[in-house]
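A.B. asks: If you want the building blocks of each chain, they are given just below.
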Amino acid sequence: MSTDWTRKTAAELADALAAGETSSVELTRAHLDRIAQVDGPVHAFLHVDADGALAQAQASDERRAAGGPASSLDGVPIAVKDVLATKGVPTTCGSRILEGWVPPYDATVVARLREAGLPILGKTNMDEFAMGSSTEHSAYGTTHNPWDLDRIPGGSGGGSAAAVAAFEAPLAVGTDTGGSIRQPGAVTGTVGVKPTYGGVSRYGLVALANSLDQAGPVTRTVLDAALLHEVIGGHDPLDSTSIDQPIGNLVEAVKQGSSGDLSGVRVGVITEMSGEGWQPGVLARFQDSLDLLTKAGAEVVEVSCPTFVHALATYYLILPAEASSNLARFDAMRYGLRVLPEGVADPSAEEVMRATRDAGFGPEVKRRIILGTYALSSGYYDAYYGQAQKVRTLISRDFANAFEQVEVLVSPTAPTTAFPIGEKVDDPLAMYLNDLATIPANLAGVPGISVPNGLADEDELPSGFQVLAPALADDRVYRVGAALEALLAGEWGGPLLDRAPALEGAAR
Amino acid sequence: MPDTPATVSREEVRHLADLARIELSDDELDHLAPQLAVIIDSVASINQVAAGDIPPTSHALALTNVFREDVVRPGLTADEALSGAPEQEQQRFKVPRILGDEQ
Numbered sequence: 001m002s003t004d005w006t007r008k009t010a011a012e013l014a015d016a017l018a019a020g021e022t023s024s025v026e027l028t029r030a031h032l033d034r035i036a037q038v039d040g041p042v043h044a045f046l047h048v049d050a051d052g053a054l055a056q057a058q059a060s061d062e063r064r065a066a067g068g069p070a071s072s073l074d075g076v077p078i079a080v081k082d083v084l085a086t087k088g089v090p091t092t093c094g095s096r097i098l099e100g101w102v103p104p105y106d107a108t109v110v111a112r113l114r115e116a117g118l119p120i121l122g123k124t125n126m127d128e129f130a131m132g133s134s135t136e137h138s139a140y141g142t143t144h145n146p147w148d149l150d151r152i153p154g155g156s157g158g159g160s161a162a163a164v165a166a167f168e169a170p171l172a173v174g175t176d177t178g179g180s181i182r183q184p185g186a187v188t189g190t191v192g193v194k195p196t197y198g199g200v201s202r203y204g205l206v207a208l209a210n211s212l213d214q215a216g217p218v219t220r221t222v223l224d225a226a227l228l229h230e231v232i233g234g235h236d237p238l239d240s241t242s243i244d245q246p247i248g249n250l251v252e253a254v255k256q257g258s259s260g261d262l263s264g265v266r267v268g269v270i271t272e273m274s275g276e277g278w279q280p281g282v283l284a285r286f287q288d289s290l291d292l293l294t295k296a297g298a299e300v301v302e303v304s305c306p307t308f309v310h311a312l313a314t315y316y317l318i319l320p321a322e323a324s325s326n327l328a329r330f331d332a333m334r335y336g337l338r339v340l341p342e343g344v345a346d347p348s349a350e351e352v353m354r355a356t357r358d359a360g361f362g363p364e365v366k367r368r369i370i371l372g373t374y375a376l377s378s379g380y381y382d383a384y385y386g387q388a389q390k391v392r393t394l395i396s397r398d399f400a401n402a403f404e405q406v407e408v409l410v411s412p413t414a415p416t417t418a419f420p421i422g423e424k425v426d427d428p429l430a431m432y433l434n435d436l437a438t439i440p441a442n443l444a445g446v447p448g449i450s451v452p453n454g455l456a457d458e459d460e461l462p463s464g465f466q467v468l469a470p471a472l473a474d475d476r477v478y479r480v481g482a483a484l485e486a487l488l489a490g491e492w493g494g495p496l497l498d499r500a501p502a503l504e505g506a507a508r
Numbered sequence: 509m510p511d512t513p514a515t516v517s518r519e520e521v522r523h524l525a526d527l528a529r530i531e532l533s534d535d536e537l538d539h540l541a542p543q544l545a546v547i548i549d550s551v552a553s554i555n556q557v558a559a560g561d562i563p564p565t566s567h568a569l570a571l572t573n574v575f576r577e578d579v580v581r582p583g584l585t586a587d588e589a590l591s592g593a594p595e596q597e598q599q600r601f602k603v604p605r606i607l608g609d610e611q
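Protein chains in written order, with the working numbering: chain C, 1 to 508; chain L, 509 to 611.
Keep in mind the hints are simulated off the structure, nothing from the lab. Being a predicted model, the structure only gives us computed values, none of them experimental. Errors might be hidden in some of the hints.
Computed spacing ranges between beta-carbons, pair by pair [to be verified]: (1) 55(C) - 577(L): 46 to 56 Å; (2) 575(L) - 378(C): 29 to 39 Å; (3) 607(L) - 58(C): 25 to 35 Å; (4) 150(C) - 586(L): 16 to 26 Å; (5) 575(L) - 297(C): 24 to 34 Å; (6) 601(L) - 235(C): 29 to 39 Å; (7) 519(L) - 150(C): 36 to 46 Å; (8) 546(L) - 21(C): 56 to 66 Å.
Yeah, the Cβ is synthetic: ideal placement off N, Cα and C, and Gly gets one too.
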């Protein structure tokens with residue numbers, strides 16, 4: 001019986017390639033076949049680049065035969081969120097306004113994947129311009145959660161998380177502005193890492209909110225995330241906010257954590273992240289995980305971050321303000337959609353721009369652009385945007401105080417498990433609450449991971465455990481994340497995703 | 509749901525959309541205006557935080573004076589830069605008229 005390569009981790013695939021047990025072409029074909037088989041009902045991909053991926057796989061095999069693999073992941077296929085520019089491959093950001101746009105350049109993250117030899121399978125679905133927590137705001141249809149196709153896969157990077165959870169790709173890249181890597185990870189039973197702000201280049205990442213956006217790994221294991229992080233991370237002169245410092249030895253941190261020993265590690269539970277609005281099953285799994293960490297030698301204490309209760313309001317002023325400014329570039333002049341207003345003879349550029357933006361942007365994008373325009377308008381600026389910037393300072397200070405007491409902070413990643421598609425799509429405030437626990441890290445620029453930590457009793461759906469560390473201490477989230485993963489796998493006798501339903505049956 | 513405070517009116521939303529260069533239909537305005545009022549009402553809680561003398565943060569980890577070597581490096585060709593243009597003419601972006609007839 002032949003091996004099902006789609007069930008292997010990226011690290012296992014890399015080992016099999018190194019041992020000559022398989023080829024990159026075989027692995028890439030296996031994943032393309034899986035996509036053809038299950039992506040109809042899952043809809044994780046907006047574009048599948050079979051020819052491009054197979055050509056890259058062929059090149060990888062030739063490189064390896066010549067004795068020189070380009071990286072530890074050379075030949076292991078990957079999926080990329082559709083917000084990263086890919087030369088020659090369509091990039092839509094889930095928006096009609098960029099339908100059919102083919103970038104003339106690669107994002108730095110994409111260029112690094114190509115240099116490292118990872119065949120790019122295709123582009124994954126997302127909420128339009130990464131605005132959302134469910135992928136329901138994609139202009140090209142909702143992605144479905146592989147655990148229950150009637151539920152959301154999280155967002156905005158629901159496509160990347162679902163692709164990995166459905167074994168359509170061993171690895172994916174996501175972006176996280178307020179939780180768009182970690183929250184989809186939590187609700188799909190996968191691993192997601194938001195690196196330190198500036199740790200991974202934003203060049204070629206279509207900006208939602210410059211001061212918050214960060215690309216990072218979407219995987220099934222913590223080790224795979226570290227392997228990918230080491231490929232895409234590090235200084236990039238093309239991004240003026242890129243940090244010119246080494247990203248640390250993340251794979252080594254995973255190996256240290258996998259021993260399951262956390263003796264002497266101080267873990268802080270954020271007081272403000274529990275209570276009303278938190279699903280009991282999610283809180284129960286969180287407590288189980290804390291017990292495991294304690295058993296592994298960690299010292300678990302409670303830490304208060306009082307300003308975090310204002311993080312959501314701060315975020316929903318800063319993000320729309322930055323987004324309204326960023327999205328001004330979609331003006332129907334240089335690229336993207338151009339729509340002429342109806343019934344206007346010889347329309348002006350401004351009239352064309354208005355008509356194009358009405359036709360090209362979906363409701364959530366319009367909501368946030370108008371909200372941002374409001375927060376930045378004269379008369380309101382001090383009360384809203386100016387005040388939000390000050391509270392942002394207080395949130396960073398809460399982190400700084402907390403990290404004087406503990407090495408990492410922890411919370412459930414998302415307050416609930418995956419909710420039914422359609423439930424919150426026209427209720428913005430209810431949707432925004434999904435990112436309650438993930439937003440503070442973006443405001444302060446600190447790294448965070450979400451590790452699957454079980455199924456909630458109420459609905460048998462995955463929950464996630466979030467670990468946050470100080471800026472530039474990404475290795476800590478990998479160490480603690482890997483320890484929890486190892487301890488849980490020991491209890492379960494295997495990874496959580498083994499319990500996800502087989503999708504072949506669901507396709508009927 | 510309680511009556512939402514009149515933090516933002518339908519006419520204000522129309523004006524904001526105008527500033528943001530988005531043509532909104534009457535239906536969209538009817539739908540968006542009350543939602544925006546609810547959101548703005550909710551984020552207004554931020555003004556309860558005493559932060560008078562706190563310095564603002566615009567960037568989580570601010571870097572200053574980021575320069576690169578002053579050397580020529582490859583950029584996009586004209587054809588590449590124009591590859592996504594809705595309309596082009598003579599290696600230029602072709603745009604609708606900028607001024608009105610009377611100007």
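A.B. asks: Any hints from earlier that this structure breaks? Give me their numbers in increasing order, please.
C.D. replies: The structure breaks hints 1, 3, 4 and 5; every other hint is satisfied.
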